[in-house]
Amino acid sequence: MTRDQLRTIVLEELRRIAPETEPGALRADRPLREQVDLDSMDWLNFLVALHERLGVEIPEADYAKLGTLEQILDYLVGKLGEA
Amino acid sequence: MIEFTMPSLGADMEQGKLIEWKVKPGDAVRRGQVVAVIETPKAAVEVESWHDGTVHELLAQPGETLPVGAVLARWLAPGETPPAAAGAPGAPARARVSPAARRRAAELGVDAEALAGTGPEGAVTVADVERAAAEKAAAVAPRAPADAAARAAEMRRAIAAAMSRSKREIPHYYLSEPVPLARAQAWLEAENARRPLSERILMAALFIKATALAAREYPEMNGHFVEGVFRPAESAHVGVAISLRQGGLVAPAIHDVQAKPLPEVMRALADLVRRARAGTLRASEMSDPTITVTNLGEGGVETVFGVIYPPQVALVGFGAVRDGRVVASLSGDHRVSDGHRGALFLGTIARLLQEPEKL
Numbered sequence: 001m002t003r004d005q006l007r008t009i010v011l012e013e014l015r016r017i018a019p020e021t022e023p024g025a026l027r028a029d030r031p032l033r034e035q036v037d038l039d040s041m042d043w044l045n046f047l048v049a050l051h052e053r054l055g056v057e058i059p060e061a062d063y064a065k066l067g068t069l070e071q072i073l074d075y076l077v078g079k080l081g082e083a
Numbered sequence: 001m002i003e004f005t006m007p008s009l010g011a012d013m014e015q016g017k018l019i020e021w022k023v024k025p026g027d028a029v030r031r032g033q034v035v036a037v038i039e040t041p042k043a044a045v046e047v048e049s050w051h052d053g054t055v056h057e058l059l060a061q062p063g064e065t066l067p068v069g070a071v072l073a074r075w076l077a078p079g080e081t082p083p084a085a086a087g088a089p090g091a092p093a094r095a096r097v098s099p100a101a102r103r104r105a106a107e108l109g110v111d112a113e114a115l116a117g118t119g120p121e122g123a124v125t126v127a128d129v130e131r132a133a134a135e136k137a138a139a140v141a142p143r144a145p146a147d148a149a150a151r152a153a154e155m156r157r158a159i160a161a162a163m164s165r166s167k168r169e170i171p172h173y174y175l176s177e178p179v180p181l182a183r184a185q186a187w188l189e190a191e192n193a194r195r196p197l198s199e200r201i202l203m204a205a206l207f208i209k210a211t212a213l214a215a216r217e218y219p220e221m222n223g224h225f226v227e228g229v230f231r232p233a234e235s236a237h238v239g240v241a242i243s244l245r246q247g248g249l250v251a252p253a254i255h256d257v258q259a260k261p262l263p264e265v266m267r268a269l270a271d272l273v274r275r276a277r278a279g280t281l282r283a284s285e286m287s288d289p290t291i292t293v294t295n296l297g298e299g300g301v302e303t304v305f306g307v308i309y310p311p312q313v314a315l316v317g318f319g320a321v322r323d324g325r326v327v328a329s330l331s332g333d334h335r336v337s338d339g340h341r342g343a344l345f346l347g348t349i350a351r352l353l354q355e356p357e358k359l
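As given, the protein sequences belong to chains A and B, one line each in that order. Residue 1 is where the first sequence starts when you use the numbering used here, and the numbers rise one by one after that. Residue 1 is where the second sequence starts when you use the numbering used here, and the numbers rise one by one after that.
Okay, chain A solo, but in the shape it has when bound:
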């Protein structure tokens, strides 16, 4: 899967939880969760959705690695590479 395909999936799942999100308006230098105002329930649902779409496990201990959209993509690329 290419990074662009992965980005499409991540944004699709994000918009399912926060339909008002405009991907073009996301800033690369700010944590996604903060920009889109995801509370802990939204965040958990977002990760569950990614897990179901991509089959990756995301331990709670890794949450700190999931900051900006690009960091999330880096993390998922790494995880998918391990599989």
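Hints in this document: simulated from the structure, not taken from any laboratory. Beta carbons are placed, not taken as given, at the ideal position from N, Cα and C, and that holds for glycine. There may be inaccurate statements among the hints.
As the list claims (entries may be wrong) - Some but not every residue of chain B turned toward chain A, in silico, with C-beta under 7 Å:
# : residue
1 : Ser98
2 : Leu202
3 : Leu296
4 : Glu298
5 : Val301
6 : Thr303
Following the hints, put chain B in place on chain A, whose structure we already have.
Just chain B, lined up with the frame of chain A:
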């Protein structure tokens, strides 16, 4: 005969709009079964029957807006026979539908038997079917932005009415207490490490459970103040303040929290948040919270000074979890409890959170 009336789904509700019937004349209805969908300023709500019975007649039409208490339908009580006045004696209570109307209903996906007819002797006509189909389509159509704005304004008015009443009628007192949370955090981390992603537990579930258990020890925090009298509740139905993405909030209940194991509280919370945001809450969830928990720590605030949702008498707030602690706060109704008992109640929540494995 049992009357099924427009329910009051919170102190702020004066009227509701019937969106859809889930039953038709002749259907058996069980207590707790969802029988209708009602739209309030805050949400579309699935309304349950409070009684067992058989649907005798549906009086309200989808699309109608009616005041709280208006009779929407009548059930026959178990064992009751339908009154003989209408139709042949002993004939089953069944809608008359003209053959043309029946054909049109099949084409449009409308349940003709569930309609109240306007034809001769109450027969359902083609026009009745077409009107019902149009109303159904309008009810389920995606909301246009202008409609969403009107809805947001309506919700704002509903919140304003309830909160104004609260501040007018309830002499609030406020207490707060820093609660050490390191043990709960460590326990949760270990617990979540061995749980699949979809079964992870959030700290909010611990707050809700601890509040419910403490409320059982301090009954003056858990119940309703109605017509000058406090009625303690027999169970802790914890209302959870849920903010909606389009603005506004709802505070539906998780029922019998004190009796639910923590994973079940978490599942109920996730389900409630999902349905609150999708607009499919149930009437009993909207109408019967006995105490409310609001968790505002996500935005980083330290302490919550909450407004009690009448007719409840207490609201427990949690701020941000920071440096291994959280500030728990209580807004109490001074007509029902005093600061001393409130302090003991908060202290009990704090103590319960020190033993997360027992929650």
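Let me make sure I understand: some of the numbered hints might not hold for this structure. Which ones are they, in numerical order?
1, 3, 5, 6
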